[in-house]
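With the hints as your guide, set chain X onto chain F.
Chains F and X are the protein sequences, given in the same order. Residues 3 to 141 in the numbering used here are what the first sequence spells out, letter by letter. Residues 75 to 157 in the numbering used here are what the second sequence spells out, letter by letter.
It should be emphasised that the hints constitute simulated quantities derived from the structure, not laboratory data. Even glycine gets a Cβ: it sits at the ideal position worked out from N, Cα and C. There's no promise every hint is true.
Stated by the list, open to error - Sample of chain F residues at the chain X side, in silico, Cβ under 10 Å:
id, residue
1, Thr116
2, Lys117
3, Trp123
What the hints assert, rightly or not - Stretch-level coverage of chain X by chain F, calculated; a stretch enters the list once three of its residues show a Cβ under 8 Å from a Cβ in chain F:
id, segment
4, 84-90
5, 125-134
6, 147-154
The residues making up each chain are set out below.
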Amino acid sequence: MCPWLTHDPLDVTALLAEVASEGCGATTVFLGTVRRSADDGDVVGIEYSGYDAMAEAELEGVLADARARWPGVRIAMRHRLGYVATGEVSVAIAVAAPHRSAAFDACRFVIDQTKERVPVWKKERLAAGTERWVGPHGG
Amino acid sequence: MGDGVNVKVLVFASYAEALGRGELNVELPAGATVADCVAEVRRQTGGRVPPAPLVAVNRVYARPEQPLAEGDEVALIPPVAGG
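Same shape as in the complex, but just chain F (with noise of 0.2 Å):
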């Protein structure tokens, strides 16, 4: 399996230790977590499944056009595939650089593009018992 790519829960200190850097002076963390709301019906988790391959692939790919947008960054991003529930992490994203703008402008960056280019879906699982597929930037 890939690096960027885990079933196991995602360890967000372990992603802020991958970055840190002497050089760096402003660090940023997107957490994306699955979210519960009534609104929405009420879903106590997310399946995650991926082309593993090619998700792989365009996470690379997401994080090479960000390091050519922003020279000297470093990132260090984690996927969760399989089963997560609400309140968990299933995507953690950390970005180092010397100044913030370009923390905050990677860290945004890299989760968009995620979102539009990395081959892997959602299936809610909702209280009631049912299940449903997640549309494209559901969430």
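The following block gives chain X in isolation, referenced to the frame of chain F:
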């Protein structure tokens, strides 16, 4: 060596559910394109995948007019929803 092109077609998520399987082997005429492959899959499966899905060939997004080669791995990709 035959005249045709044999490709493996992978389907995922809602498409795999609709077809009850994750993989098909598809035989196409020489010079067939991505669009031809999708049409053939729809023909074989009674139209259970949409007419113009996202497609990847050998793990790279591909346009409908891209020609296919023997042994290509074609993937029909439902609207992505990661992150």
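Checked hints:
no.	hint	in the structure
1	Thr116	4 Å, holds
2	Lys117	4 Å, holds
3	Trp123	4 Å, holds
4	84-90	holds (count 4)
5	125-134	holds (count 3)
6	147-154	holds (count 5)
In the structure shown, no violation is registered for any of the earlier numbered hints.
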